[in-house]
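Engineer: Using the sequences and the hints given, assemble the complete structure.
Residue numbers (numbering that gives the first Met the number 0), protein chains in the order written: chain A, 0 to 362; chain B, 0 to 362.
It cannot be assumed that every hint is accurate.
On the chain A side, residues computed to face chain B include the following (Cβ under 7 Å) [claimed, not checked]:
hint: 1; residue: P36
hint: 2; residue: H112
hint: 3; residue: M116
hint: 4; residue: A143
hint: 5; residue: V149
hint: 6; residue: A153
hint: 7; residue: G161
hint: 8; residue: A168
hint: 9; residue: L171
hint: 10; residue: V175
hint: 11; residue: A179
One-sided and incomplete, this derived list gives chain B residues near chain A with beta-carbon spacing under 10 Å [as the list claims (entries may be wrong)]:
hint: 12; residue: R26
hint: 13; residue: V164
hint: 14; residue: G169
hint: 15; residue: T170
Mimicking DSS-like on lysine-lysine, the simulated pairs with C-alpha atoms at most 30 Å apart in a straight line are [unchecked claim]:
hint: 16; chain 1: A; residue 1: K273; chain 2: B; residue 2: K272
hint: 17; chain 1: A; residue 1: K130; chain 2: B; residue 2: K272
hint: 18; chain 1: A; residue 1: K130; chain 2: B; residue 2: K130
hint: 19; chain 1: A; residue 1: K130; chain 2: A; residue 2: K272
Because the hints were derived from the structure by calculation, they are not lab data. Cβ coordinates follow ideal geometry from the N, Cα and C atoms, glycine included.
Number of protein chains: 2
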Amino acid sequence: MTLPTTARATAPQILARCRELVRPALREAVQRLHPWPAEMAAFSLGWSELGGRAVPGHGSGSGSGAGSGPGSHGKGVRQALTLLCAEAAGASGEGAVVGAVAVELIHTFSLLHDDIMDGDETRRQRASVWKAYGTGPAVLAGDALFALAVETLADSRNVHSGKAVRHLAGTLNDLVRGQAEDLMFESRPWAGPDAVSPQEYRSMAGHKTGSLLGCAAALGAVLAGAPSSTVDALAQAGRHLGVAFQAVDDLLGIWGDPQVTGKPVHSDLRRLKKTYPVLAALATEGPAARHLVGLLTSADPLDDAAARRAAGLIDEAGGRAATLIEAHHHLDRARRCLESVPLAPAAVDDILTLLPYLVDRRM
Amino acid sequence: MTLPTTARATAPQILARCRELVRPALREAVQRLHPWPAEMAAFSLGWSELGGRAVPGHGSGSGSGAGSGPGSHGKGVRQALTLLCAEAAGASGEGAVVGAVAVELIHTFSLLHDDIMDGDETRRQRASVWKAYGTGPAVLAGDALFALAVETLADSRNVHSGKAVRHLAGTLNDLVRGQAEDLMFESRPWAGPDAVSPQEYRSMAGHKTGSLLGCAAALGAVLAGAPSSTVDALAQAGRHLGVAFQAVDDLLGIWGDPQVTGKPVHSDLRRLKKTYPVLAALATEGPAARHLVGLLTSADPLDDAAARRAAGLIDEAGGRAATLIEAHHHLDRARRCLESVPLAPAAVDDILTLLPYLVDRRM
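Structural biologist: Next up, the structure:
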């Protein structure tokens with residue numbers, strides 16, 4: 000059975016349909032946690048306020064609320080990818096809900112722990128979990144979500160759950176590797192032989208963001224019982240989407256509208272974060288790149304004027320254009336992966352509708 | 000094939016034999032990590048100093064080094080239990096090494112994250128990982144070990160690895176629940192209707208310590224292909240051993256020799272930690288218990304004299320004796336579990352040799 004789909008649904012409609020399918024199982028999973036990590040998980044998922052009070056519109060059954068906030072988390076891109084890939088492999092989305100739940104739990108875990116490591120005090124226009132509940136409790140909540148994800152998938156009655164767990168486990172290792180690489184970039188210089196290359200950044204983004212979107216896609220196919228060629232092609236498509244996604248996040252971190260991103264203008268620049276636009280600009284080694292190095296090494300953190308000037312220099316050196324090209328290159332590769340194996344056309348249409356929507360968001 | 004065992008091996012010999020069997024696979028697993036979390040993991044496992052320099056005697060192939068430090072981690076109780084339970088179920092210990100590795104990795108993960116949550120600055124007479132490397136990196140290293148444990152078991156060629164992963168996943172959830180319960184005890188009062196009861200403490204210890212020893216035992220049996228009755232009996236024995244173990248740790252946290260435990264004298268009391276001896280003493284509600292409440296609520300943290308006086312009152316109220324009885328009660332129940340199913344006698348002999356050794360340690 001395939002899910003009832005409206006012909007030519009819009010991207011927000013596709014995402015909403017998938018969120019509605021996943022939400023009851025996701026809530027049921029979170030409710031299995033000890034009440035304390037469950038409260039922190041609900042806060043992190045945008046379901047409740049600090050202290051546990053429910054956020055209006057995020058009660059069970061409401062289709063309009065979840066996902067209206069900024070950021071990819073609220074949209075439910077990963078869970079949608081799992082369901083759509085199951086449908087693309089000729090099965091129902093329902094059978095892959097357990098995979099979508101596992102992927103959302105892991106995504107929430109990684110946001111939670113990454114915010115601790117990165118010292119990020121806000122997430123989706125609210126306090127991050129460690130800021131709201133304390134570092135120790137946030138570590139605990141992340142661990143709880145991690146464990147819950149593995150248990151949810153391992154305990155599933157789907158006959159392919161063993162293979163799905165192996166995919167998830169490999170992804171978890173990639174995620175941690177990507178986070179380690181990203182954190183180690185912080186201590187590297189802006190220029191010279193030890194500077195971070197755009198290629199190193201690409202590899203990090205592949206681990207940190209590509210792996211989970213690749214896993215989301217793979218789990219849909221695996222739980223649908225698809226042959227390895229299909230699983231591999233969809234996983235590869237998901238990974239490319241993830242890298243494209245990261246490139247767009249990097250653009251938004253510099254030029255995004257604070258009203259939409261929920262972060263201060265130039266936030267990544269102020270924090271001297273080594274993102275693709277900056278690294279691509281520096282790699283040109285031209286006059287703008289040299290000015291940029293001077294600026295980036297002059298103060299920590301950058302003030303308003305310096306951040307504005309840095310953003311201008313990145314643009315001038317071609318870093319902004321290079322990042323957009325990078326995003327669209329990976330989108331194209333994702334599309335080619337989808338064409339490389341036989342898939343159910345309606346689900347592929349939905350995936351193809353999502354791709355540009357996710358990359359063109361808020362630009 | 001069963002491992003060559005010396006008839007009537009001593010507990011240290013049994014533990015050393017198991018550590019030697021597990022060490023190469025454990026090292027190989029840790030080496031698969033990104034170099035940064037790998038260095039923190041090696042530090043945590045006692046293999047290297049801060050900065051990565053190898054600790055003498057902990058090189059590969061050395062049988063004498065690992066495990067000579069204080070604390071259960073160095074002894075390798077969990078890994079030994081996995082191998083011995085595989086042997087008890089009639090298989091070789093070698094076939095269960097992957098389970099022993101997973102259990103040691105999870106144990107290391109939990110020490111690492113628990114030290115962050117509990118604010119413990121030392122572990123095994125050295126700085127804890129968060130103190131040595133920083134909180135963010137320690138969160139990352141814990142996540143890396145967690146992910147590695149799941150991947151190691153999921154990727155194993157053992158035909159029972161799927162069932163083993165399900166056991167591990169359930170255990171991870173129990174571990175997190177136990178840690179949440181323990182942390183929540185901190186904000187509960189020492190007396191009155193909201194005080195923590197010895198029974199609540201028992202339940203927490205079952206989750207926090209019993210679950211991983213139960214899992215260690217279960218994985219040995221599962222990977223040996225044992226029937227559920229055997230898996231259940233050995234898992235139950237492991238859980239009882241874990242609760243006994245925790246009771247002894249609680250005694251050592253108050254009356255242990257700092258030279259041996261690596262912690263200051265009365266360390267748990269100074270930190271006003273709600274452990275079994277204190278809770279059992281308070282539950283008597285006699286004169287000593289009332290004096291004890293007064294002392295515990297008077298200062299935070301306790302000074303030397305107050306901690307010494309509190310230790311005396313706990314003993315006077317019977318808290319020390321009750322904890323020893325609790326430990327021996329769970330040891331007896333562990334022994335009865337071992338008698339309840341048919342098992343290989345030589346391996347059972349080894350397990351029975353370990354039990355009193357682990358509980359009578361350093362008392």
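Engineer: Failing hints, ascending?
Structural biologist: 12 and 16
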